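Starting from the known structure of chain F, arrange chain H with the ligands on it as the hints suggest.
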Amino acid sequence: MIKINGVTKVYDTHHILKGISLEVTKGEIIAILGKSGCGKSTLLKIVGGFETSSTGEVIVNDVAVTEPTKKCIMLMQSYGLLPWRSVEKNISLPLEQHTALTVEQQQQRIAHYMQLVQLTPYATHYPHQLSGGMQQRVAIARALALQPEAILLDEPFAALDTFTRYFLQDELIKIQQQESTTIMLVTHDIDEAIYLADKIIILAEGEIAKEITIALPKPRDRSNADFQHYREVIFTEFELTQQQMIDYQI
Amino acid sequence: MKLRYMIGSFTLLVVLWQLVVVVGNYEAALLPSPKQVAQALWSLFISGLLLEHISISLYRFGIGYILAVIAGITLGILLGRMPTVWRFVNPSVQLLRPVSPIAWSPFIVLFAGIGNLPAIIIIFIAAFFPILLATVTAVSKISPVYLQIAQNFELTPFAVVKKIIIPASFPAIMGGLQIALGSAWIFLVAGEMVGAQSGLGFLIIDARNALRLDLVFAAIIIIGLFGLLFNTIIQQISYRVTKQWGVQ
Ligand SMILES: Nc1ncnc2c1ncn2[C@@H]1O[C@H](COP(=O)(O)OP(=O)(O)OP(=O)(O)O)[C@@H](O)[C@H]1O
Ligand SMILES: [Mg+2]
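As you go down the protein sequences, you meet chains F and H in turn. Count along the first sequence from 1, add 2, and you get the number used in the working numbering. Count along the second sequence from 1, add 167, and you get the number used in the working numbering.
30 Å max Cα-Cα, derived DSS-like pairs, lysine-lysine:
1. F/Lys28 with F/Lys176
2. H/Lys329 with F/Lys73
3. F/Lys72 with H/Lys329
4. F/Lys72 with F/Lys5
5. F/Lys37 with F/Lys212
6. H/Lys308 with F/Lys73
7. F/Lys91 with H/Lys410
8. F/Lys5 with F/Lys220
9. F/Lys73 with F/Lys20
10. H/Lys308 with F/Lys72
So the derived label-pair ranges between C-beta atoms look like this:
11. H/Pro324 with F/Ala211: 40 to 50 Å
12. F/Ala102 with H/Phe278: 45 to 55 Å
13. F/Ala125 with H/Ser267: 49 to 59 Å
14. H/Ser307 with F/Gly58: 29 to 39 Å
15. H/Ser310 with F/His114: 23 to 33 Å
So, partial list: chain F residues that the calculated Cβ filter (under 8 Å) puts toward chain H:
16. Pro70
17. Met76
18. Leu84
19. Pro85
Honestly, the hints are just simulated from the structure, not real lab data. These numbers come from a predicted model, not from an experiment. We treat Cβ as the ideally placed atom computed from N, Cα and C, and that holds for glycine.
This is chain F alone, in the form it adopts within the complex (with noise of 0.2 Å):
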């Protein structure tokens, strides 16, 4: 479980969080939402320890975040993914001194993740050899190998094509579900937060302006009434005309 507790993040004096507080339960989706530059990734990151906060703290599962540890993973934006490893061996990286498994066991815990991720057939395949789609899908396997508490997901589908997009959304999902991993997403994305999410939260001027449980089973059907109803939620929260509504087509 992951308690934010009233974090500030303050950038020479510009106040970029002014006191986020949040829980997120174990096995919980969490999207966050917020216009560019309201301090998505910084939180983000400050969860992932990655960055410290001015004030406040971060707490999971008892224990203050100080520094990056392996209970949560962030996946970067950019995959991250070791261009002289194999697929398998990027996946095994941080298996390869953590756990006390056995070497029979790791091979199986990797076999199980390239499974999950679809990806056995490219098992030796170089980084460079594979798609982005496919790349993420390494980064998403590598994390969740280490059966983290959590994975801290930034746009991570962004620079995706529509097509790939939806896929890895719905692998995400099912694997969400499978392996039960807490997941916190940052996303430009309204319908992508309202896909994925158990709940979403709405970032402003450095507040949490608005927190939505979206309360729809999964799969969702993007075209369903209760959906739009979502979306229409977020619009009006964002102060989005009318007219914008109809540019995008909603």
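Just chain H with the ligands, lined up with the frame of chain F:
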């Protein structure tokens, strides 16, 4: 390098050489013809002297170069990870680097006497700086993303060096190794002219003293061929590595 270009190029070189000999009508002692040099090479080979000189030279070269690789990469990784220390060390390195290893030869002979050691030291100096600089640059340019991942996965410092830093900087270090190989081989001959009584460099000095320019030429050809061979080998390794890494 394609083999047919290589053969074509060497043939052209020999033809030109022969042409200069014929047109210039030089005395054989002044400018030996390709045929005389070939004969000299053959006689060196038959007598066993050639292999003897080659093996002692390769031995010195191997020791000097490998020591430089070990020292250069180790120090390079340390200094590459300590930018502040490097800022203090770098000016002195830049001061020493352009000095020809031969300039040190008076000291080297004084401290190391004659024999294998002076040549080894000169080869070491020639190879060390390019490797050190390439390694420092490569290590300091490693993408912070890789180091963040290492931090996130809580890799031990040893694992970070072994699994992240060395492989991440390897393609760039390869470039330094290649430059160092060439420059060290150039200074092998110079090194053996300073304090040695054997080896390819000594062969040249010895032949010159005996006014046997055909032998001088023979030694030059062997030195050139080995230089070419080394360069081809390291280029191949470098090519394989970068191809597997998927970097350009
Ligand atoms: N290292 C830093 N130093 C100073 N200011 C920073 C730093 N990092 C981020 N900021 C500022 O903090 C604010 C929030 O940045 P952040 O990256 O968290 O935004 P974001 O919500 O993720 O935006 P986007 O949607 O564009 O990714 C921005 O105004 C940015 O200029
Ligand atoms: Mg961001």
